[in-house]
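J.: Here are the chains, one letter per residue:
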Amino acid sequence: EAQVTQNPRYLITVTGKKLTVTCSQNMNHEYMSWYRQDPGLGLRQIYYSMNVEVTDKGDVPEGYKVSRKEKRNFPLILESPSPNQTSLYFCASSTRGLAGGWKETQYFGPGTRLLVL
Amino acid sequence: SQQGEEDPQALSIQEGENATMNCSYKTSINNLQWYRQNSGRGLVHLILIRSNEREKHSGRLRVTLDTSKKSSSLLITASRAADTASYFCATDPAFERGATNKLIFGTGTLLAVQP
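Protein chains in written order, with the numbering used here: chain A, 24 to 140; chain B, 157 to 271.
Hints listed in this document are in silico derivations from the structure and should not be mistaken for laboratory results.
Mixed in with the good hints there might be a few duds.
[Said to hold, decoys possible] Ranges of calculated distance between the beta carbons of each label pair, as one might list FRET restraints:
1) A:35 x B:209: 44 to 52 Å
2) B:166 x A:35: 24 to 32 Å
3) A:30 x B:268: 30 to 38 Å
4) A:26 x B:212: 20 to 28 Å
5) B:184 x A:73: 17 to 25 Å
6) A:62 x B:220: 25 to 33 Å
7) B:224 x A:45: 39 to 47 Å
8) A:105 x B:211: 39 to 47 Å
9) B:168 x A:62: 12 to 20 Å
These numbers were taken from a predicted model, which means no experiment stands behind them.
Glycine residues also receive a C-beta, built at the ideal position from the N, C-alpha and C atoms.
Here chain A stands alone, though its shape is the one from the complex (with noise of 0.2 Å):
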């Protein structure tokens, strides 16, 4: 079955320690991208990765970091989580489209809910 997994689903946390939410797909696909979801504020992109090492700055990106070191895997790492990232995280990945733009259908993980204490 084509799907983007996250692990965990749910994290409870204290400030200052280092955690990784890990995001995986299994449909080959070149973009993937995160997102942080707050009420009030919609979708926010964190970081996105065009392919293997190519990684930029989505709109939120302080006290965030991600690598791709495989085209299926693209870790969130938060090296010293505030109380401020308490949110809900989500992973999407995507291929080109009918267009050859990137940015078409997004498959989303089911996400991850952090509460930092």
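Given the structure of chain A, go ahead and fit chain B onto it with the hints provided.
T.: Leaving out everything else, chain B in the frame of chain A:
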């Protein structure tokens, strides 16, 4: 601020009625997409309309795009309780200089369909 702004923020209707949601955006776009999100879950792609298209249908969904007004609407006909979800528009911005690799989401419309 968000590129896409949905209107209304929340909508409650009876089963069988039609639901209309609107999305306004600020810049020129390559395409506009609509996604559905069931409570706390990942978003699911519903339909994409390109900037040179004015209307598109998919099952009970009808999307219109007015690039002169920078707005789009999503119509769900003969709604069902299972349509209860949040609906988001997302725009693929087009800029004169360079290209952007971002897809920009709005804040969503919460649709409740009462059985």
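J.: If a hint holds in the structure, say so; if it does not, say that too.
T.: Against the structure, the hints:
no. : hint                      : result
1   : A:35 x B:209: 44 to 52 Å  : 45 Å, holds
2   : B:166 x A:35: 24 to 32 Å  : 29 Å, holds
3   : A:30 x B:268: 30 to 38 Å  : 31 Å, holds
4   : A:26 x B:212: 20 to 28 Å  : 26 Å, holds
5   : B:184 x A:73: 17 to 25 Å  : 22 Å, holds
6   : A:62 x B:220: 25 to 33 Å  : 28 Å, holds
7   : B:224 x A:45: 39 to 47 Å  : 44 Å, holds
8   : A:105 x B:211: 39 to 47 Å : 46 Å, holds
9   : B:168 x A:62: 12 to 20 Å  : 19 Å, holds
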